[in-house]
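There are 2 protein chains.
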Amino acid sequence: MTLEVPQVFKYHIFTCSTKRPAGHPRGSCMERGAQPLWERLGQKLEAKQLPGVSMTMTGCLSFCQAGPLMVVYPEGIWYHPEKPEDIDEIVQSHFVEGNPVERLIIVPQR
Amino acid sequence: MTLEVPQVFKYHIFTCSTKRPAGHPRGSCMERGAQPLWERLGQKLEAKQLPGVSMTMTGCLSFCQAGPLMVVYPEGIWYHPEKPEDIDEIVQSHFVEGNPVERLIIVPQR
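The listed protein sequences derive, respectively, from chains V and L.
Per the UniProt record's numbering: the first sequence = residues 1 to 110.
Per the UniProt record's numbering: the second sequence = residues 1 to 110.
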């Protein structure tokens with residue numbers, strides 16, 4: 001059965017906020033530098049007040065070695081940003097202009 | 001620009017685990033009885049080992065009055081389960097058989 005439902009959000013952004021202790025074999029997005037990136041993302045979105053864009057913090061997204069990780073649904077686009085400028089580019093290009101940032105997209109695998 | 005990317009998960013389930021203190025004006029999914037439901041969901045999924053199905057805990061999904069809330073992407077289907085039997089039905093009907101459970105679907109609004 002295919003069921004078409006109205007989409008609540010145009011871009012629902014999920015950001016991994018998992019933090020494991022230093023030296024943990026799996027590592028974690030927070031250990032890999034996620035916190036300042038997600039803070040910047042939150043600030044940018046707050047400032048722009050884009051309609052239909054929401055950001056939700058999450059627990060582990062399952063691909064710790066690929067962190068920092070965020071995923072944008074319903075498109076299902078996964079990003080691995082590394083620098084504040086990456087966040088700025090994703091916000092402007094993807095969420096404002098509708099053009100995903102291909103150089104920062106990954107397809108994570110276990 | 002439309003960008004088609006491979007979907008990492010067929011069903012990526014996000015469950016709100018926000019807990020606010022008793023009496024908080026916004027309430028929270030945990031205050032509304034989410035915890036045993038998400039535990040049951042996790043146990044069912046663990047037992048069935050369905051390929052392409054993943055469950056991620058989240059912070060606030062923005063619609064506290066509608067909790068307990070979970071959303072399934074990339075479909076963008078939001079569920080408001082209330083009883084353990086609701087979880088069992090969602091797992092079997094939606095994630096095993098591919099038929100969303102219409103009676104439990106909501107389209108949350110602020």
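Treat the hints with care, as some may be off.
Identical chains share a label here; the pair holds if one copy fits it or two copies do between them.
[To be verified] Below, a list of computed lysine-lysine pairs in the DSBU-like style, where the Cα atoms sit at most 35 angstroms apart: (1) K83 to K48; (2) K44 to K19; (3) K19 to K83; (4) K44 to K83.
Hints in this document: simulated from the structure, not taken from any laboratory.
As the structure is a computational prediction, the values presented were derived from the model and not from experiment.
Which of the numbered hints above does this structure break? none
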